[in-house]
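Protein chains in written order, with this note's numbering: chain A, 1 to 502; chain B, 1001 to 1485; chain C, 2001 to 2633; chain D, 3001 to 3102; chain E, 4001 to 4173.
It is worth saying that the hints were derived from the structure and are not from the lab. Be a bit skeptical, because a hint or two may be false.
Claimed, not checked - Below, simulated DSBU-like cross-link-like pairs (lysine-lysine); rule was C-alpha separation at most 30 Å, straight line:
1) A:K109 <-> A:K446
2) C:K2605 <-> C:K2535
3) A:K443 <-> C:K2582
4) A:K202 <-> A:K477
5) C:K2447 <-> C:K2539
6) C:K2447 <-> C:K2542
7) C:K2206 <-> A:K477
8) C:K2535 <-> C:K2367
9) E:K4018 <-> B:K1029
10) A:K446 <-> C:K2373
11) C:K2542 <-> C:K2367
12) C:K2535 <-> C:K2373
To be verified - Here's a subset of chain A near chain C, in silico, CB distances under 8 Å, partners left out:
13) F299
14) G365
15) R366
16) G369
17) T373
18) T413
19) I427
20) P481
Claimed, not checked - Now the stretches of chain E that chain B is said to cover, found in silico as 3 or more residues with beta-carbon under 8 Å:
21) 4103-4111
22) 4132-4141
23) 4152-4159
All of these numbers come straight from a predicted model, not from anything done at the bench. No residue lacks a Cβ here, since even glycine has one placed at the ideal position from N, Cα and C.
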Amino acid sequence: MSLVWLILIPMVGGLVAGLVARKNESLCRWISLSALILDSGIAINLFAHHWLGLDLPTSTRWLVEFQVEWIPRLGAGIHLAVDGLSLLMVLLTLFLGIIGVGASWTEIKTQVGFFHFNFLWILSGVIGVFLALDLLLFFFFWEVMLVPMYFLIGIWGHENRQYAAVKFFIFTQASGLVMLLSILVLVFTHAAGGELTFDYMKLLGTPMDGTFGLLVMLGFFLAFTVKLPAFPFHPWLPDAHTEAPTAGSIILAGILLKTGAYGLLRFVVPLFPAACQVFTPYALFLGVVGVLYGAMQAFAQSDLKRLVAYTSVSHMGFVLLGVFAWNDYALYGVVMQMICHGFSSGAQFMLVGALYERVHTREMGRMGGLWTTAPRLGAASMFFAMASLGLPGMGNFIAEFLVLAGLFKVSVTATSFASLGLIAATIYSLWLMRGTFFGPNDKQWKIADLNARELSLVAALVAGLVFLGFYPQPVLKAVHPALEALQQSTAQAPVPVAMNRR
Amino acid sequence: MNSADIIALLPLILLTLATIAVMLAISFKRSHGLAAGLTALGFTATFLLLPAISRVAPHPVTPIYLVDTFGLFFSGLLLAASLVVTLLAYGYYETRSGFREEFYLLLLMSAMGGLVLVGSTHLVSLFIGLELLSVPLYTMVGFSRTARRSLEAALKYLVLAGVSSAFLLFGMALLFAATGSMDFSRILEMGRSGDASSTPLMAGLALIGVAVGFKLAIVPFHLWTPDVYEGAPAPTTSFVATVSKGAMTAVLLRLYLLAGGVIPDSTVTIFSILAILSMFTGNLLALMQNNVKRVLAYSSISHLGYLLVAFLAGGEYAVEAVTFYLTAYMVTSLGTFGIIALLSDREGEPELLQDYSGLFWRNPVAAGLFSLFLLSLAGIPMTAGFIGKFYLFAAGVDHSAWLLIGSLVINSAIGLFLLPPDCRFHVCRSRRKSHTNPSAGKRSGKPARADARFCGYFLVWGLPRVPDSSDPQRDNRLNSAYHSF
Amino acid sequence: MLSLLWLVPTLPFLGFLILLLFGDRMTKTLVGIIGAGSVGLSALLTMVIGYQFLASPPPDHAFTQVLWTWFEVGGFRPEIAFRLDALSLVMASVVTFVGFLIHLYSIGYMHEDSSFSRFFAEMNLFVCMMLVLVLGDNLLLLYVGWEGVGLCSYLLIGFWYQEPANCTAAQKAFIVTRVGDTAMAIGFFLLVTQLGTLQVQDLMHKAGEMWEPGSGMAVAATLLLLGGAVGKSGQLPLQTWLPDAMAGPTPVSALIHAATMVTAGVYLIARTHALFALAPSVQFLVAVIGALTLLLAGFSALVQTDIKRILAYSTISQIGYMFLALGVGAWSAGMFHFMTHAFFKALLFLAAGAVIHALHHEQNIFKMGGLAKQLPVVFWTFLIGAGCLASIPLITSGFYSKDAILWYAFSSEGGSIWLWMAGLAGAFFTSIYTFRMVFIAFLGEPKGHIHHRPGPVMLVPLVVLAFLALFSGFIELPHNFAPVQMFSNLMDTVFHSHGHSHEEHSSAALEGILQLTAGIVSLIGVAAAYFLFLKDPSKVEKISSTPAGSFLQGFLLRGWDFDRLYDTLFVNPLMALARINKGDIVDSLYNGLASLTQMGHYRLKWIQNGAVRWYAAGLALGAVILLGVFIFT
Amino acid sequence: MASIPLEVSLFLSGLLFSLGLLGVLVRRNILFILMSLEIMMNAAGLAFVAASSHWGVADGQVMFIFIVTVAAAEVSVGLALVLQLYRRIHTLDSDAVSVMRG
Amino acid sequence: MNTAFYIASAVAVFATAKVVTHTNPVHALLYFIVSLLAVALIFFCLGAQLAALFEVIIYAGAIMVLFVFMIMMLNLGTDTALREAQLFSPGIWIGPSVLSGLLLFELAVLFIQGEPQSASNAAMVSPKDVALSLFNTYFLGVELASMLLLAALVGGFHLGKRDQAEELPGEVK
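Same shape as in the complex, but just chain A:
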């Protein structure tokens, strides 16, 4: 039952915050914050329960499970379950949610109630996505995430927010429809054999081979790579990020991209092992191109937020590589990348937002030499720029190291090209620092440094990243049983070990 509460609390919180805002705006902010804290309380209790070894007998794959009938006619039930992987993702969501609310404390002044309503409903949609094990319910939450995000970008965004909001909406919605098509084909082919059901566990074994299976897999693959975003489907991300308000950017980069990665991990490869094996070379190609293209675009940008957005494209390219390498190193690397990228990109967007509040521009041409007036802001940006280029000692390094080590087993050429991404990451991170904090302060900026609130958020994120950098064991131990189960589910199809030298 606690799983249902996990989803309901943000929803209810959003509603209450929305209503209260008419009378007193600051109370509305506190309500949404407390809703999130309460929700993360439940999640942490679940995590502690699991991690402290009190977990259930290893036979059951799911820690907590909740199942009830929804549409009996179609065999669709409300089936929520959580294992190591989804629990971590829920924790990340709530953590970044709190950071987001904190970051937008002063930034959002108009329609605060409606803002927090949308914000919390996005979070509950995302938590729903991580918990749903029924494909129809998954698709339902996948769409629930979408509409409030559209409003978030559309109403509180910057200059041409309408274009960005529409673009974001159409990209994700259209790909979602294709996924719905694939879900239905999967369900009906399964129904031909057994009974009509949308349940993930039952659908796991459906025989899906040959080009037919490949096409169905591509339906899922398309939806998740659009959300990831992988190379050819990424153009919506820079626009969405540039125009979204800070809190929007934080959860967009921190969490929404992870739903794509989670989808790939949970649905694409386990449901279609044979098709994925055939598709691996192309996916690896897309991943490598994504890494290099994203990086190259990043250091071509003059707009700060677009730069950070393209870095996310590059980092998510690693996730795609890791998923399709599908061995133990790579999978752990993917989980680490999802969490650490959440931290580092969320932080970078918060800092860029803070900078925007002070300098009212995102053009690097008009900044420069800000270190003198805002050393703490500079130091924090330096830290997270280093995190994004994968400096050892932070979580991102371990993630990228594991992904590339895992990938090395599968294809050497892909790894070597992807490693070029590390160099490119250095270039764009230094380009970012050079554009904003170093160089002469010829515009004579006099800006206030980070205040206590912002510093506390930065400190939390720094601590998180360094802790993950030097002692990621609790995370890896938590996700171990989930990844084990995932690999078992594709065990019968021979895992492509050092398959080809492509």
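Given the coordinates of chain A, work out where chains B, C, D and E should sit on it, guided by the hints.
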């Protein structure tokens, strides 16, 4: 005329009584409230009697009219829609002067035409029903005779409906010449067994197809829709969009069930092409449109294209998909046009998108509902529209009609282009006053808001349990409809 | 006492944290005390640990202290662990001791600078990272240190970030080293996937078992590690960043770009010597790279005008010597030269710093002159340093370490006559450019006037370093002189499996002759420098005025034009491509799609022209089509 | 009553039908469009009566009666509409009646 | 009887053609009445006396008279003929004639293919049979037809009404 006949004919009788009552009311004292009240009373009475009648179903009254659960279900649907239209009309005409009561007369008679159509199993009742549905519509479309555009719309509708009914007649004549009888089941039997010369029969069916295409606004015959939707007053448009299309779909569905769900290949291919064309034309034309009513006209064309997909996909899901999609579509159209009627006043209707800018801040309930209906039109989850589209997908996938499903997906994507601008306009804009009718959105008739909210609730609440259908009575009628064939 | 090993890197880290958080609220002296103090304490601790290590060596001459398991992923279990053996002891002691002296010196040097605390914070972080690199037990922890020092060198080169040139220099340094690091990372992936571990000792053990010498895997792994070493130590392909790194303050150049960081590559090769032994071809490549780099750098140093750039090029060439030594298998000779080089190169940089400080940031040697009399202490310490650099026979430590390398380049089976010849020529050029610098800068008539003389806090480190530079040579005398080989005996505890293999080659007499030639060559170099640059500089102007001469001078001045080569090959095309594609072609693809639908809209809109007859025609057309289909099919 | 083949009368009604259609498409005067509409209705009526006489049943003629009633109804509404329109725009040209387009 | 049938159909076709092509509305109307009478004659030949009667009385009598009234009310005299003429450019003939020609061709193909039925037992369907079937099988149809006429009545009344109050010339909304 034994007692069973009387009971079977009760809906028609009641509506006639209502018509007479309204005429007498008009002749004594022209009061708008009284006329509307009587009409509403007529509709509700008939609607409430339907379950009683269903006990005597299936009962053929004279060889041309059959009252069965299938017919009663759709009659219920049409009556509910007409009731909503009456409420809208009351809200709409409350602020207008001039001769308003005739509208309700025409509405009653047109609804009666719909009921005849739904129950018809014979060419004559098909023709009479269709004409009884259309003739009052000509006047309803051109009801505000001072507005040049509505006169133009009425003329266009009259001429084109005339031509289409001429085609219908000629088709029927060919059928009659080929088979010698005018009863649907006999004709279909003769057609299947092939003893009658099949070519005139096929030609007859083709020409009837023209009339059906015209009424459902499928692609080559859709040209009239945008002009009539734009010209006609809002309540009439909602009536045209829902009841007339609903009735014709019911006839099509009955023919489909009579033919045992088997459609010859040539028909499937040609109608798939038409369906795909309708989807694309409807969505593409609605894309850059600035006039809200024309946008809804084009999107109704594309929706009929989607509906045809369910028919052509066939299989056991087809009937259920069509019924549900039709219900969802009708409710959404009633909702959207209801909002337009609700927001219009003496000066005119809020037609341009700009009129809706900033509506959210002035009249949140109307704006909220309007967004909800638009979301349902685009088929976004949480709305009945989504479940409708989901059924279409299921029917299509079940029968692996890939081309249709592919175009359905592409069009839903194009449909998305349509949604944000509307949502954006009345939600995201600042509190700016719209110049055309500043008072738009302020004043709203009590009943009009009630019905709009009803549609809203149905939409959202419809989602989780519609398949096992909220209205148990409707559901078993639906199932029983199958057993009766 | 050994168990306090983990404290050695943590002390500077604590210094860094304190200065980072409270630096701007503390007075300069307090900052100085904490900055220098933390490194000093760490040096003291290293000395104590070193003494105990030498006095009672732990079992098999190595002590490993495991702090905690970093992470565990399917059999691969790296740990955060520090390992002390002879090699890391030498490195740690040099780093901490020289580091302390340089910190002391920079209290004086950086006194007027506004962001005093930031400087010491970054220097402390550097020392900590260098110690982590040196003491790291497995290659992954080494990599943490490796990248950490890269970051600190970036921060410190770009310390005066208001100056755009400094920022570009810093960026260039970080990116070029990062290229090398990526190659090394790919090497790690290979090692992890093939051998399943990165712990240095059992890595070498497993490699020895699984790979036979000269096998493809060994060659690939060592080649990739060599890539990393070359990047960090500024050797041939990736040396362009070191001369530009002089943009940082002089103490930074002294500590990072002379004594410690640049020798990280040497340490890496020394640490994984078993792997390189498995791939003799790569080892020979190391030697060749060393030889080529020392010649190239030597030539460039001849024509430099900026005193710090001369020293930068000389550092590149001296590290070339170390690579040469490692290439021919003379591991301990290489490390011995590292130690002596650290002392005298730090000395030269600090002395140069004192001169620059005195002449108010004037770095061009031709604008200095006659400083001998005005800054006597600086002159004599600079002279001692120059002597060691030019390896004046018998009295300087440079002679003993460089001579040992030359001897092994000739005698060991990995070496060859050509390598020895290259080494000798390099030595000759080294003594020329060193004494060119001394004669032009310190002797001759004074040009600028001294602003303020360096205080005691700057002079004490100079004197101490001068003493070390002179007498550090005597702990390792060549065999034909005396049986005093303390340093190589210590080193053998680490490189035991690969002892010197020079005995069977030839007798002590040959060794004597070679030493003699090396000594004479360096003295000739000094004389040549005297004649060319002090007696009558006109002859040099005459040569450099000829077109060929001036072209050669320009070419050498720009470091054999590697910069232009890399720009035209990599940097410019990449930047151009990025600029062209700023608008993201893929994005225009989707906009094209959108405009396609809009075009569809306008095309269809034309059909809807409002005329009743046109609509009726549509109806009729539909009828004709339907009829046609139904009849004819 | 010599036998008149069904095909001939059907062809005749087809011919009249096409002429009516031609009238609707060609003439720009709305009155003429309505008149052509009546022609098409009449042609259909003819077809029905011919078919019913061929099969010897009365249904066709009943249908004819209904056709006539519908035609009358349409004409009355149509002409009223034309009158009202004429009062508004003082012309009967159908192309003038195309304000709504696009 | 056959010859009468063929003559009447020729007259009908010719009259209808004239209606379609004639410029003067009154002349066109008269031609139409002639065509209707010809069709009535055809009905008579086919043995459908009642239909023929209705054709003459209702179709020719009532509907055409309505048209005449309309023409008189709008006083479409000779000047409309002129205006009508220049609306007639040969160009606009091609499209519609192609379309209706195609339709005719398809129907023709249809009828030629159709194998001749058994000889038409052209039993004469007396008005009594028509009345009988009218009032038992199609009784419901008659009732609904009456509703239809009522609807047309109300429509005609509403649309035809002249509103003094809102007589705003050319008010466009």
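Hint-by-hint comparison with the structure:
Pair hint K109 (chain A) plus K446 (chain A) holds up; C-alpha atoms about 24 Å apart against a cutoff of 30 Å. Between K2605 (chain C) and K2535 (chain C), the direct Cα distance comes to roughly 94 Å. Violation of the 30 Å bound is thereby established for this hinted pair. Pair hint K443 (chain A) plus K2582 (chain C) holds up; C-alpha atoms about 25 Å apart against a cutoff of 30 Å. In summary, the hint linking K202 (chain A) to K477 (chain A) is supported, as the alpha carbons are separated by about 27 Å, within the 30 Å threshold.
Between the alpha carbons of K2447 (chain C) and K2539 (chain C) the distance comes to roughly 21 Å, so the proposed pair stays at or under 30 Å and holds. Our distance criterion of 30 Å between C-alpha atoms is met by K2447 (chain C) and K2542 (chain C), whose separation comes to about 22 Å. For the given pair, K2206 (chain C) sits about 28 Å from K477 (chain A) by alpha-carbon distance, which is consistent with the 30 Å threshold. This hinted pair checks out: K2535 (chain C) and K2367 (chain C) have alpha carbons roughly 18 Å apart, not beyond 30 Å.
A C-alpha spacing of about 50 Å is found between K4018 (chain E) and K1029 (chain B), which places the hinted pair above 30 Å, so the restraint is violated. Of the supplied pair hints, the one linking K446 (chain A) and K2373 (chain C) is violated, its CA atoms being roughly 48 Å apart against a limit of 30 Å. Restraint check for K2542 (chain C) and K2367 (chain C): the C-alpha separation of about 20 Å stays at or below 30 Å, so the hint holds. At roughly 19 Å between alpha-carbon atoms, K2535 (chain C) and K2373 (chain C) fall within 30 Å of each other, so this suggested pair holds.
Of the supplied interface hints, the one on F299 (chain A) holds, with its beta-carbon coming within about 6 Å of a beta-carbon of chain C, less than 8 Å. Look at G365 (chain A): its Cβ only gets to about 13 Å from chain C, farther than 8 Å, so that hint breaks. Given hint, R366 (chain A) at the interface with chain C, is violated; its Cβ is 16 Å from that chain's nearest Cβ, farther than 8 Å. Look at G369 (chain A): its Cβ gets to within about 6 Å of chain C, closer than 8 Å, so that hint holds up.
Hint on T373 (chain A) is violated. Least Cβ distance to chain C is approximately 12 Å, over the 8 Å limit. For T413 (chain A), the interface hint is violated, since its Cβ never comes within 8 Å of a Cβ in chain C; the closest pair sits about 11 Å apart. Annotation: I427 (chain A) was flagged as interfacial toward chain C, and the flag holds, the nearest CB pair being 6 Å apart, inside 8 Å. Checking P481 (chain A) against chain C: minimum C-beta separation of about 14 Å lies over 8 Å; hint violated.
Only residues whose beta carbon comes within less than 8 Å of a beta carbon in chain B count, and the stretch 4103-4111 of chain E has 4; three or more means the coverage holds. A count of 6 residues in the stretch 4132-4141 of chain E with a Cβ less than 8 Å from any Cβ of chain B is obtained; the coverage claim is therefore met, three being the minimum. Counting residues of the stretch 4152-4159 of chain E whose CB falls under 8 Å from any CB of chain B gives 6; the rule of at least 3 is met.
In this structure, the hints that do not hold are numbers 2, 9, 10, 14, 15, 17, 18, 20, in rising order.
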